[in-house]
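Participant: Next come the chains, spelled out residue by residue.
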Amino acid sequence: MSVPILKQGEILIASIQSALSDRELVELRDELADRVGRLRSRGVVIDVTALDVLDSFATRTIRGIAYTAKLRGAKTVVVGIQPEVAFAMVQLGLSLDGIATALDLEEGMLLLQRWPK
Amino acid sequence: MAQLGDQTQAQLLMRDMGLTSQNIERRRQIVGLEPQDLARIAAVKDLVLGHVEELTAVFFDYLASLDESRPLLNDRVLRERARQFKREHLAAMVQSDYGPSYVEQRVELAILYGKAGLELRVFLAAFHHLLKAIGALVLKQFEQSPLGGFDHFISLKKVAFFDIGIIVDVIVFDRERVIRQQQDAIRELSTPVLQIRERLLLLPIIGVIDTHRARLITESLLKAIRANRAKVVVMDITGVATIDSKVANHLIQTVTAAKLMGAAVIVTGLSADVAQSLVALGIDLEKLNTVGDLQGGMEEAEGMLGYSVVSAGTAPAAIQT
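Sequences listed follow chains Y and G, in order. For the first sequence, the residue numbers in numbering that gives the first Met the number 0 are 0 to 116. For the second sequence, the residue numbers in numbering that gives the first Met the number 0 are 0 to 320.
Chain Y extracted, bound-state conformation (with noise of 0.2 Å):
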């Protein structure tokens, strides 16, 4: 299952619905990195959510979707991280280190109107 990629303004949202595999996070990275210059947006929200669970591999393709993003104008927030993944997160040493997190798709949304232009 892709994940779908919603264009709302200046702004894309990207809300994963299911685990993916490591083959669908690479086909995310690449989707998000081809429409956030196409489309000139401004900033990325990659909604997790639904998740129960972030891997290492998951994490470091977030990363590499934010610093490639970051590269072709745009600013990446991920939102939604659950407790118990923030939690086991931390335990495994996996950081997000110099990415935007929100509590929420709102609080993501604000966060990047707010930024700076």
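Any given hint could turn out to be false.
With a Cα cut of at most 27 Å, we get these calculated DSS-like pairs of lysine-lysine [said to hold, decoys possible]: (1) LYS245/G <-> LYS222/G; (2) LYS222/G <-> LYS286/G; (3) LYS230/G <-> LYS74/Y; (4) LYS69/Y <-> LYS6/Y; (5) LYS69/Y <-> LYS230/G; (6) LYS286/G <-> LYS69/Y; (7) LYS114/G <-> LYS85/G; (8) LYS286/G <-> LYS74/Y.
Examples of chain Y residues toward chain G, derived with CB under 7 Å [as the list claims (entries may be wrong)]: (9) ILE80; (10) ALA85; (11) PHE86.
Ranges of calculated distance between the beta carbons of each label pair, as one might list FRET restraints [unchecked claim]: (12) PHE56/Y <-> VAL167/G: 49 to 59 Å; (13) ARG176/G <-> ASP29/Y: 49 to 59 Å; (14) GLN275/G <-> ASP29/Y: 46 to 56 Å; (15) ASP74/G <-> THR48/Y: 54 to 64 Å.
It should be emphasised that the hints constitute simulated quantities derived from the structure, not laboratory data. Quick caveat, the model's predicted, so the values are computed rather than measured. Every residue, glycine too, gets a C-beta built ideally from N, C-alpha and C.
Could you slot chain G onto chain Y? The hints should help.
Facilitator: This is chain G only, laid out in the frame that chain Y set:
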């Protein structure tokens, strides 16, 4: 009514303790209750049934001679019920059916003893006295063959030890339950997460932080962040006496996890000693946003959320207490 309540209480307790049919079967195996024992018990059944009143009296007379059993004997209701239970116990003991309903009766009796505050050693002594009286009766009947009498008595004694096993387990389980409840209460109390403004949480930490507690603190903080939609958390560690590299690591983990959920954490209350020892240990607290005291932390947090506290300038001359 009370009778009904206790009955369900006994059944609940049996479930909590895992006293299932298999467990009861295993208990019978442990005391070595075999078919020939049941046959021997059947042989002395009428003897015991004929002396139920007398034997019950032996048990309670012995208890009456001990100061420690006052709580049970001075309460007329409890005493009468205990007597009734004991009569039923003696009758059931020789019925050769030691299944769940027999065990339930024992559990009920144990609950009663627990309620009356009867010490285990007092109960054991009185029970031993009762067994001695039963033994005397049995041996009297088997005057011609003392060895046979002894065998019959030992068979009864197996049942007695089966009973003791259950009663001891119930009383111990009951005590441990109190300890478990208290531990839960302490745990709850030790990690309060308080909302002091819209989207601002306060997490005061007092005492020693070990790995287990650090985990609880992190868990309750993360849940509170989601429940209160918090954006900023002030973590006050004034009450943490010493911080070593392990504790510092726990704090950093908590802060990192909170950040993953979109909340910023301000750490306050690092005393001069703590700050110096952290520097001496070479612990990198670069990731932590630290402010000297709780007041400073609150002000910083309010600033981040866009609050500003302004004095109304109308403070009364004397603040009434």
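Participant: State for each hint whether it applies.
Facilitator: Verification of the hints:
1. LYS245/G <-> LYS222/G: Within the cut-off at roughly 23 Å; holds.
2. LYS222/G <-> LYS286/G: Roughly 22 Å separates the two Cα atoms, so the pair holds.
3. LYS230/G <-> LYS74/Y: It holds: about 19 Å lies between the C-alpha atoms, which stays within 27 Å.
4. LYS69/Y <-> LYS6/Y: holds (17 Å)
5. LYS69/Y <-> LYS230/G: Satisfied, since the Cα-Cα distance of roughly 24 Å is no more than 27 Å.
6. LYS286/G <-> LYS69/Y: The given pair, whose Cα atoms are some 22 Å apart, holds under the 27 Å limit.
7. LYS114/G <-> LYS85/G: Holds. LYS114/G to LYS85/G sits at ~16 Å (cutoff 27 Å).
8. LYS286/G <-> LYS74/Y: At roughly 21 Å apart (the allowed maximum being 27 Å), LYS74/Y and LYS286/G satisfy the hint.
9. ILE80: holds (5 Å)
10. ALA85: Since chain G brings a Cβ to about 4 Å from ALA85/Y, closer than 7 Å, the hint holds.
11. PHE86: holds (5 Å)
12. PHE56/Y <-> VAL167/G: 49 to 59 Å: With Cβ atoms ~54 Å apart, the hint holds.
13. ARG176/G <-> ASP29/Y: 49 to 59 Å: holds (58 Å)
14. GLN275/G <-> ASP29/Y: 46 to 56 Å: holds (51 Å)
15. ASP74/G <-> THR48/Y: 54 to 64 Å: holds (59 Å)
Consistency with the previously given hints is maintained throughout, with no hint failing.
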